[in-house]
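Visitor: So the chains spell out like this:
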Amino acid sequence: MLESFFTRALIAGIGLAAVTGPLGSFIVWRRMAYFGDTMAHSAILGVALALFFSISPVVGVFVIAVVVALILAFLQRRGTLSADSLLGLLSHSALALGLVMVSLMPHVRVDLMGLLFGDILAVSVTDLAIIYGGGIAVLGVLAWLWRPLLAGTVSTEIAQAEGLSPERNTLIFTVLLAALIAIAMKLLGVLLITAMLIIPATAARRLARTPEAMALYAVLGGIAAVLMGLWASFHFNTPSGPTIVVAALGVFAVTSLVPLEWRNKELK
Amino acid sequence: MHGKKDVSAQLVRLENAGVRRDGRWLVRGVDLSLTRGEIVTLIGPNGSGKSTTVKAALGIIAPDEGRVWRAPGLKIGYVPQKIALDRSLPMTVNRLMQLTKRHPASAIANVLGRVGIPHLAGAPVQTLSGGEFQRALIARALIGKPDLLVLDEPVQGVDFSGEVALYDLIGDIRDETGCGVLLISHDLHVVMARTDTVVCLNGHVCCSGTPDMVAASGEYAALFGPRAAETLAVYRHHHDHTHLADGTVRDAAGHLHFDHHAHGPHCDHDHAEETRNHA
Numbered sequence: 000m001l002e003s004f005f006t007r008a009l010i011a012g013i014g015l016a017a018v019t020g021p022l023g024s025f026i027v028w029r030r031m032a033y034f035g036d037t038m039a040h041s042a043i044l045g046v047a048l049a050l051f052f053s054i055s056p057v058v059g060v061f062v063i064a065v066v067v068a069l070i071l072a073f074l075q076r077r078g079t080l081s082a083d084s085l086l087g088l089l090s091h092s093a094l095a096l097g098l099v100m101v102s103l104m105p106h107v108r109v110d111l112m113g114l115l116f117g118d119i120l121a122v123s124v125t126d127l128a129i130i131y132g133g134g135i136a137v138l139g140v141l142a143w144l145w146r147p148l149l150a151g152t153v154s155t156e157i158a159q160a161e162g163l164s165p166e167r168n169t170l171i172f173t174v175l176l177a178a179l180i181a182i183a184m185k186l187l188g189v190l191l192i193t194a195m196l197i198i199p200a201t202a203a204r205r206l207a208r209t210p211e212a213m214a215l216y217a218v219l220g221g222i223a224a225v226l227m228g229l230w231a232s233f234h235f236n237t238p239s240g241p242t243i244v245v246a247a248l249g250v251f252a253v254t255s256l257v258p259l260e261w262r263n264k265e266l267k
Numbered sequence: 000m001h002g003k004k005d006v007s008a009q010l011v012r013l014e015n016a017g018v019r020r021d022g023r024w025l026v027r028g029v030d031l032s033l034t035r036g037e038i039v040t041l042i043g044p045n046g047s048g049k050s051t052t053v054k055a056a057l058g059i060i061a062p063d064e065g066r067v068w069r070a071p072g073l074k075i076g077y078v079p080q081k082i083a084l085d086r087s088l089p090m091t092v093n094r095l096m097q098l099t100k101r102h103p104a105s106a107i108a109n110v111l112g113r114v115g116i117p118h119l120a121g122a123p124v125q126t127l128s129g130g131e132f133q134r135a136l137i138a139r140a141l142i143g144k145p146d147l148l149v150l151d152e153p154v155q156g157v158d159f160s161g162e163v164a165l166y167d168l169i170g171d172i173r174d175e176t177g178c179g180v181l182l183i184s185h186d187l188h189v190v191m192a193r194t195d196t197v198v199c200l201n202g203h204v205c206c207s208g209t210p211d212m213v214a215a216s217g218e219y220a221a222l223f224g225p226r227a228a229e230t231l232a233v234y235r236h237h238h239d240h241t242h243l244a245d246g247t248v249r250d251a252a253g254h255l256h257f258d259h260h261a262h263g264p265h266c267d268h269d270h271a272e273e274t275r276n277h278a
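Protein chains in written order, with numbering that gives the first Met the number 0: chain G, 0 to 267; chain D, 0 to 278.
No lab work stands behind these hints: they were computed from the structure.
The reader is advised that the hints may include incorrect statements.
Just the calculated beta-carbon pair ranges, DEER-fashion [unchecked claim]:
# : chain 1 : residue 1 : chain 2 : residue 2 : range
1 : G       : A136      : D       : G72       : 30 to 38 Å
2 : G       : M112      : D       : K74       : 54 to 62 Å
3 : D       : S105      : G       : A136      : 36 to 44 Å
4 : D       : G156      : G       : W145      : 25 to 33 Å
5 : G       : A142      : D       : P71       : 53 to 61 Å
6 : D       : K144      : G       : W145      : 19 to 27 Å
Owing to the predicted nature of the structure, the values given are computational and were not obtained by experimental measurement.
Cβ coordinates follow ideal geometry from the N, Cα and C atoms, glycine included.
Here chain G stands alone, though its shape is the one from the complex (with noise of 0.2 Å):
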């Protein structure tokens, strides 16, 4: 069964979208989709680091994350520059330093194409082990935190007050986003990451009355997502990243026709 190209492309893009799903609301929630996206572009410089030390992608893609997310937070507590500008600042250097340091790479010839948009037929039988042994770690993780992290994201003085370590909390959050984009950025690339995080989950947002149920509508309509963009791509020969993508914003296109009145009477 995995020995087809587009079943493991469907595979992979199931897994993904079960924890895009929950950690992409979190992204919404804490008006993090920014921050998500300067990582995710930093994720680049993490491909040639890890190409100049002969070292595992995502490995290297996992560690440059976390510590531009640790330079982000620091650089916001001296609090200088807006976040706003800071993330611009940071976002797009990022991606610039990494596109230039792959070039200068010697003797290795790198697609960028799949470094920016992601080669998600590409897939192999190690990459889906990657996924899914990297995804339950990740999901495990987030429903150990799930209740304080939420806490923090309402309030965070009432966590703090409360007992509830809203500062770890967050860190480990951001541990886990860089973990996401490490694993993901085989399938959709730095450039469409954040989409698939934050796409689904506004989707899901008119459709929910609760946190939990608008992070498992975000998984739902991001697997949708998947199936009709691997499918389209294969039909009408698109690349597949894009068309996953579009196809998410199909799915929010029609969960924002539905209307409020019925969310709250029909699920109450």
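Given the structure of chain G, go ahead and fit chain D onto it with the hints provided.
Guide: Okay, now just chain D, sitting in the frame of chain G:
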């Protein structure tokens, strides 16, 4: 005030605590302690460091000077001054009650009933009015049965009769559970009814003591203007008959007003109207 307190029953204590931001002391030299079963109310003008003091007491911000001590294992229920809930976060009142811990439906129904919003359990919090949201936040702080209940202007947006009822509720909860209550309010009239200790802040502790002592003090008059002291005095005078008549008033803190509802046959007149006139 510190000398008489039973130290072993202390829940939280600030010793000469100060918080400094951008080279300016927000509050400095605060000595404050709160024991089990005690209601301490912080009053003071805007920017006098009330919220800062509370946050330092709770460990939300670390003091830059002095010491903050909390009883080990202290269970806290906190109602912050404001919460900015992102619209993207779906949240029902029911789910909000379980923000930090799971609770059975019966406990949720019970606490929502006590704060007067039993019908709103299933409502999305974004649809609540300011007063309803505030009640929900108070319920959320109560449901965990805290040792220390901390409320930063808990009745903002609540209408006047609701305000009286909520302060009564806070007093009742204290009586029932013996928890300590740390309260910030600028509505002196209503709050003082059941407050044991009033701490008047203005960047430092101006004065503290029983409501009577504070109301009579020169610092209080200087801070809030003679008119504030006068209205309070008038108000207290106006109600003198009540505790003379029934004699069930607990202590110096109890005889300002609203707990008269519980035991005052002389008190069937309209409080709301009076206090508005005084204000």
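Visitor: Take a look at whether the Cβ-Cβ distance between G/M112 and D/K74 falls inside 54 to 62 Å.
Guide: holds, 56 Å
Visitor: For the hint 25 to 33 Å, verify it against the beta carbon of D/G156 and that of G/W145.
Guide: Hint holds: Cβ distance 30 Å, inside 25 to 33 Å.
Visitor: With respect to the beta-carbon atoms only, verify the hint that G/A136 and D/G72 lie 30 to 38 Å apart.
Guide: With a Cβ separation near 32 Å, G/A136 and D/G72 satisfy 30 to 38 Å, so the hint holds.
Visitor: Would you say the C-beta atoms of D/K144 and G/W145 sit inside 19 to 27 Å of each other?
Guide: holds, 23 Å
Visitor: Can you tell me whether the CB distance of D/S105 to G/A136 sits inside 36 to 44 Å?
Guide: About 37 Å separates the Cβ atoms of D/S105 and G/A136, which means 36 to 44 Å holds.
Visitor: In this structure, is the beta-carbon distance linking G/A142 and D/P71 contained in 53 to 61 Å?
Guide: Taking Cβ atoms as reference, G/A142 and D/P71 lie about 29 Å apart, which means the hint is violated.
In this structure, only the earlier hint numbered 5 is contradicted, and the remaining ones agree with it.
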